[in-house]
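Colleague: Here is how the chains run, residue by residue.
2 protein chains.
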Amino acid sequence: MGDLLADLADAVDKSGILTGNDIGPRYTDTRGHGPAGAPACVMRPTSTAQVSAILKLCHDAGRPVVPQGGMTGLVGGGTPNDGDVVLSLERMNAIEEIDPVGRTMIAEAGVVLETAHGVAEESGFVLPIDLGARGSATLGGLISTNAGGNRVIRYGMTRQSVLGLEAVLADGTVLTSMNRMLKNNAGYDLKQLFIGSEGTLGLVTRCVLRLQPKPLTTSTAFVGINDFESVPAFLALLDNKLGGGLGAFEVMWSEYYNFVRDRCPTLKPPLSPEYAYYVVTDALGSDPDGDKDRFDAILEMAHTQGLIQDGVVAQSDKERDELWAIREGAGEGFRTIAPIFTYDVSMPITAMDEFASRSMADIEKEFPNAITLILGHLGDGNLHAVVAVGDGSDTAHRKVNDILYGIIRDLGGSVSAEHGIGIEKRDYLDWSRTDAEVSVMRMLKQTLDPKGILNPGKVI
Amino acid sequence: MGDLLADLADAVDKSGILTGNDIGPRYTDTRGHGPAGAPACVMRPTSTAQVSAILKLCHDAGRPVVPQGGMTGLVGGGTPNDGDVVLSLERMNAIEEIDPVGRTMIAEAGVVLETAHGVAEESGFVLPIDLGARGSATLGGLISTNAGGNRVIRYGMTRQSVLGLEAVLADGTVLTSMNRMLKNNAGYDLKQLFIGSEGTLGLVTRCVLRLQPKPLTTSTAFVGINDFESVPAFLALLDNKLGGGLGAFEVMWSEYYNFVRDRCPTLKPPLSPEYAYYVVTDALGSDPDGDKDRFDAILEMAHTQGLIQDGVVAQSDKERDELWAIREGAGEGFRTIAPIFTYDVSMPITAMDEFASRSMADIEKEFPNAITLILGHLGDGNLHAVVAVGDGSDTAHRKVNDILYGIIRDLGGSVSAEHGIGIEKRDYLDWSRTDAEVSVMRMLKQTLDPKGILNPGKVI
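Here the protein sequences line up with chains A and B, keeping their order.
Position one of the first sequence corresponds to residue 1 (our numbering), numbered consecutively onward.
Position one of the second sequence corresponds to residue 1 (our numbering), numbered consecutively onward.
Wrong hints could be hidden among the right ones.
Repeated chains share a single entry, so a pair holds when one copy, or any two copies, can fit it.
[What the hints assert, rightly or not] Below, simulated DSBU-like cross-link-like pairs (lysine-lysine); rule was C-alpha separation at most 35 Å, straight line:
hint, residue 1, residue 2
1, K14, K214
2, K399, K445
3, K365, K56
4, K56, K445
5, K399, K318
6, K56, K241
7, K214, K292
8, K451, K241
These are computed hints drawn from the structure, not numbers from a lab.
Given the sequences, and given the hints that come with them, work out the whole structure.
Modeller: In structure tokens:
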């Protein structure tokens, strides 16, 4: 290892390698998705050529490399083991180009999402990838995990915003696929290999992202609904009448809404607690003169058709933020019931109510005082669950996992909708994927990383 | 071979295998993208299990297998060589399920696109993959080539409409990835391997497709523009003001428009011939009361801003069809200048005018009487060229290829935007892709099809 460390130090400038006590908490703070070991060193390259040199050295030495972005992942994808080489892209943070005609952004992998948002906005566009961790999540991490978020229903997952990328393979080969066009059918679409594979097939160093026109209006409603069938029917009505403008559609089961009422004193739940389901929805529009009236008319239609029973429409940005805080800002409540286990699963929409009721019932059978809260991105088939059973042990965690993922398996769903597999869900991968699928994943891993040095132990 | 043929016959019913004179022209008519050899037999399986059995037999025997869909491809992707086993999916043509809540269609690969359109429409949705060959192109072929078309600007390439698929690998392994959710980050997204790889990595047998809400209105305009900079500026204005409703944006250089005026007596060019560029554009809307006025107002704004100089708006479906026929129905004119060479290339939008002028000039230098017509999907970065040089020989074809693809290479574009590589563009693949990219493509091919039996000689 002495030789490798010396060679690695030679491959970068003085600030490009950290060892021993210089390794700050940033590189081992896994936000509970650990435990992290002590890495041999942290490499902080400033160029693709340096990433290539580092990987070549580690490949020759058979040394595991753990790539890190903003360290905001939720499944331990960046968690190092003892002796690993951590490769942080944090210093590759240049936005290289904005093409306002082709509407593309070219950037390095370490750019923080919020920075990219700002640059896109200054140019009159939006970069539609968005999620709560925008202040620290990096483009490379978002691509490597194919991140989702609240705008997926309008703009798709991160995969859909990536036109091209550059990745470095395990042996240091630089694979530059910086396509800038919406259409390119010249051979296999190699970039797909590196989107969502969590750094196990190659390290993303640069990317070409698709920008979108900035919406001119946002209309937000928060509604109460009595029966589950009306929830997707309301979604369909909005989608039909908004003509591509539906920007978010988030559902909360009543248990969650009432939890917020009871446990989140700083939030302002706008509706009475009697409904079975609550939905917050955004319409993104381009007609400042007419969008508000049209949105109100659609809601009125939904009410007349009996799809929604009550609702409020935000009259200001402040009111919009308050409505969205019901969905996104329940942290203060969660802290009162800690420890909690959180889930990110997907399933056909028609199976969602069964998932929710079976989850609550089955967990309560095992843990009579359990609190199970269900909410999520209904339009994308993606729900989140927050579960507290008064016991944060691994044994309890595994029991709840087995219950929830067992239901997901029965319903033909996925154990990871948007967070990825990392280390946390690795044991459950084959609950959502067939043996043949896992076997082909292993073939790809073996082909692209025959020595298994890239983020070992993650995903598969 | 006798043994293999006998075994193949045993794997299917009596109509499942064709040999000798029973092999109809359907299986060798490559529409000029040949020449086709004489296949040993044509297999017409009716189930994934039969496809698996056929591939296993051919794999064991090392016999090449050429998959065929509707045989409407434009690069010879389905062209067989002497002695190949043709595998036609034509009898796997069931639509298995429509889920109106999850908005998905599950279908077999041999379903003809137009049939799928009809079933989607009956259920109140659209399947947004669309192109001229809709009456014969099959879902499996569209997926295998990642087909484009006129609605890409609104709904993306075929890739974007595929939620899940089932593919059979070279050795007969059935890989079922019939995901129905918009979000699934459980491990590698294997379906991407089979989308756009033209049957060289596996055979698509079934798929889950995403349906979209049916637009309630379509507004169509045909406009004339004086300078190239105004073309993408007009596109941006439409995109900003239509809020996700831009349905098509097709540009024609004046040489094409005037060719239509001169050589297509059944078409009705609506504008005078003086403009440098012509655009036909669709807006898809959801507000029958207001969409027309809004569309007219946007066009008026474009005119006031000097982005467009003249234009007409279709007042009926008949007028819309007539306007679109200028873009799509010039076959009668092309026949008067046959033989023609056709091209499908992509490049950054800012490079398009240079591509067009250099193409015309460089081809004319080599062939003084050449006719070079440029048109295409500007918003997607995708142009088509139609070239007639009064000589249909392979030598002339290659000369024109070298000129056009050379310009594309200079401009950082792609030799195939939407048609694929097949046999026709194989020699030019590395004009658009780096050595490292081609090398990773070969690694994938070697991993998934080590004996090279799947559509050999195509793509790479």
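Colleague: Hints first: check each against the structure and report whether it holds.
Modeller: Comparing the hints with the structure gives:
Proximity of K14 and K214 under a CA criterion of 35 Å is satisfied in neither setting, with 42 Å inside one chain copy and 59 Å between copies. In the homo-oligomer, the alpha carbons of K399 and K445 lie at most 35 Å apart inside one protomer (30 Å), although the nearest pairing across protomers, at 42 Å, exceeds that limit. For a Cα distance limit of 35 Å, the shortest separation of K365 from K56 qualifies neither inside one copy, at 53 Å, nor across copies, at 48 Å. Within a single copy, K56 and K445 get their C-alpha atoms as close as 17 Å, and across copies as close as 24 Å, so both meet the 35 Å cut-off.
In the homo-oligomer, the alpha carbons of K399 and K318 never lie at most 35 Å apart, since the shortest distance is 41 Å inside one protomer and 64 Å across protomers. Neither within a single protomer nor between protomers do K56 and K241 lie at most 35 Å apart by alpha-carbon distance, with minima of 54 Å and 50 Å respectively. Within a single copy, K214 and K292 get their C-alpha atoms as close as 17 Å, and across copies as close as 22 Å, so both meet the 35 Å cut-off. Proximity of K451 and K241 under a CA criterion of 35 Å is satisfied in neither setting, with 53 Å inside one chain copy and 52 Å between copies.
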